[in-house]
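Once you know that position 93 of the sequence shown is 93 in full-length UniProt numbering, the rest is easy, because the numbers rise by one and skip nothing.
Derived from the structure by calculation, the hints contain no laboratory data. Bear in mind the structure is a predicted one, so any value in this text is a computation, not a measurement. Positions of the beta carbon are idealized from the N, C-alpha and C atoms, including for glycine. There's no promise every hint is true.
To be verified - Computed list of lysine to any residue pairs in SDA-like fashion (alpha-carbon distance at most 20 Å, straight line):
no., residue 1, residue 2
1, K222, D296
2, K222, A168
3, K222, A156
4, K222, A154
5, K222, S295
6, K222, E169
7, K222, T157
8, K222, V444
9, K222, R98
10, K222, A165
11, K222, G234
12, K222, S291
13, K222, D95
As the list claims (entries may be wrong) - Computed spacing ranges between beta-carbons, pair by pair:
no., residue 1, residue 2, range
14, T227, L192, 48 to 56 Å
15, D379, G342, 46 to 54 Å
16, D379, L130, 40 to 48 Å
17, R226, Q343, 32 to 40 Å
18, N201, D411, 25 to 33 Å
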Amino acid sequence: MSSQPTGGAPPGSVAAAPVVPGPRSGAGGTVPPAPAAGASTEPSGEPGLPSRLRAQARTVPGGLRVVAGLLTVLIGAFGVAASFQMGDRSDAAEDVLRRSQPLSADAAAVYRSLADANTAASSGFLAGGLEPAEVRDRYDRGIATASRKLATAAAATDGAAGPAAEIAELGRLLPVYTARIEAARANNRQGLPLGGAWLRNANDLMQEEMLPAAERLYQAEKERLRTDYATAQGFPWVAVGLGVLTVGALGGVQHAMYRRTNRRFNLGLLGATAACGALLLWVTAGHTLASAALSDSYEGGVRSLNVLNDARISALKARGGENLTLVARGAVTVPQGQRFAGQDSYDVAYRAEMTRLLGPEDAGAGDGLLGRARELADDPQGRDPVRAAADRGAEWRERHARAREADEAGDYEQALERVIGAEGDEATGASFDRLDAALEQALVHEQDEFERAARAGGGALTGLVAGSLALAAVGAAAAGVGIARRLAEYR
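Please take these sequences and the hints and turn them into a complete structure.
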């Protein structure tokens with residue numbers, strides 16, 4: 001009997017693959033995972049960049065490098081802030097002198113020239129027939145000056161909506177006004193009563209539309225002037241704050257070095273402190289001097305100029321009302337229900353402007369715009385012309401009263417002579433001319449005072465823009481040298 005071999009595979013079966021024993025695990029019996037392809041199997045001994053930087057900063061040399069960087073940034077920021085802020089104030093001070101105040105003066109000249117032309121037109125009309133050559137010349141000068149100043153203002157508006165709209169409106173109305181004046185003259189030369197109607201129509205256009213537009217232009221330019229003053233006098237808080245912080249930081253670093261090394265001075269850091277301290281002192285002193293000078297230019301110049309311009313305009317409007325009282329001859333009265341109802345409208349307007357100019361009649365000539373102008377004048381050269389103008393105003397008021405008495409008594413010719421100058425020095429026209437000349441003298445003096453003080457204000461800021469950057473560069477370099485000398489001790 002044959003036997004089957006032990007352990008053999010049965011016939012027709014496939015032999016199983018032998019099992020290859022793997023590596024044994026450690027005590028826990030866990031097989032560690034195979035490393036990823038391409039990965040290093042050796043542990044890294046190099047720390048990351050942030051770790052290295054932190055480690056270096058903890059060392060004395062590393063800390064000094066950090067301090068050097070921070071001081072450089074702080075000094076640079078101080079210099080840039082000082083240069084920017086003082087440059088902004090220097091530009092505003094220059095604008096006060098070269099742009100906004102001249103534009104304000106031009107706007108006042110537009111108003112004054114229009115009022116002067118309107119007054120001259122009514123004066124020429126009263127003369128009858130052909131108006132005197134000097135009156136015609138005065139009218140022509142007023143219109144030409146207004147046109148020229150409007151062109152100057154239009155070129156310098158910088159696109160500002162308010163002034164541009166008023167300039168355009170005046171430019172549109174000016175030829176309409178001159179055409180009406182020419183129609184009044186043509187009818188007056190022919191002795192036609194329609195001339196008076198044309199003159200009143202032209203005056204209404206001037207009083208109701210043109211002068212209000214000129215007033216709005218004047219106020220807009222005065223507001224721009226105030227804005228430039230506010231910018232020029234604004235305290236440079238950022239620059240001064242950074243300056244104090246920078247000087248304090250430099251002092252703190254030197255104190256820390258002294259405590260660590262027992263060395264009293266570091267020449268580099270001392271130089272940086274001196275440069276930054278000098279810049280801080282320059283900024284504060286320059287601002288203080290500039291602000292004081294600009295305040296002087298405003299208080300002693302601009303305010304006086306504003307009051308004097310207003311006074312001159314009131315005088316011109318009063319003169320125009322006085323003339324038109326005789327032109328209208330009672331045809332235009334104050335409506336019922338209003339104050340002074342039934343009285344001549346132009347004489348009421350004259351009295352209102354004279355009250356504004358001189359104050360109430362029972363107050364003498366010490367109140368009103370001329371009284372304020374005399375208070376604002378800070379020297380005899382400014383006060384004397386204003387005092388003379390007040391005297392001429394009081395004289396004018398008295399002469400006007402006599403002219404009105406003659407007119408109300410029915411003596412029109414006598415009233416006319418007392419107004420337009422047939423009686424020489426006894427006419428109100430002579431008083432008005434002297435008052436206007438005195439105000440012109442005062443305006444010239446106050447303009448000179450303004451320009452002197454404004455130039456001083458701008459001069460106090462001269463050099464600060466470039467000087468700030470230069471001193472900051474010196475300070476940063478000196479601080480770097482001072483820190484570098486300490487670093488050299490660790491090599």
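Hint-by-hint comparison with the structure:
Between the alpha carbons of K222 and D296 the distance comes to roughly 17 Å, so the proposed pair stays at or under 20 Å and holds. Restraint check: the Cα-Cα separation between K222 and A168 comes to about 19 Å, which is no more than 20 Å; the hinted pair holds. Between the alpha carbons of K222 and A156 the distance comes to roughly 14 Å, so the proposed pair stays at or under 20 Å and holds. With a C-alpha separation of about 16 Å, the suggested pair K222 and A154 falls inside the 20 Å cut-off, and the hint holds.
A C-alpha spacing of about 16 Å is found between K222 and S295, which places the hinted pair at or below 20 Å, so the restraint holds. Distance hint between K222 and E169 is fulfilled; the C-alpha atoms sit about 19 Å from each other, no more than 20 Å. Distance restraint check for K222 and T157: the Cα-Cα separation of roughly 13 Å lies within the 20 Å cut-off, and the hinted pair is therefore satisfied. Restraint check: the Cα-Cα separation between K222 and V444 comes to about 18 Å, which is no more than 20 Å; the hinted pair holds.
Straight-line distance between C-alpha atoms of K222 and R98 comes to about 14 Å, which keeps the hinted pair within the 20 Å bound. Annotation: proposed proximity of K222 to A165 holds, straight-line Cα distance about 16 Å (limit 20 Å). The hinted pair formed by K222 and G234 meets the criterion: a straight-line CA distance of about 18 Å does not exceed 20 Å. For the hint pairing K222 with S291, the CA-to-CA distance comes to about 19 Å; that is within 20 Å, so the pair holds.
The straight-line distance between the Cα atoms of K222 and D95 is roughly 13 Å, inside the 20 Å bound, and the hint therefore holds. The hinted window of 48 to 56 Å between T227 and L192 holds, with their beta carbons roughly 51 Å apart. Against the hinted window of 46 to 54 Å, the Cβ-Cβ separation of D379 and G342 comes to about 47 Å, which satisfies the hint. Range check, D379 to L130: Cβ separation about 45 Å, and the 40 to 48 Å hint holds.
In this structure the hint that R226 and Q343 lie 32 to 40 Å apart at CB holds, the actual value being about 39 Å. A hinted range of 25 to 33 Å for the beta carbons of N201 and D411 is consistent with their spacing of about 28 Å.
Checked against the numbered hints listed earlier, the structure breaks none of them; every hint is satisfied.
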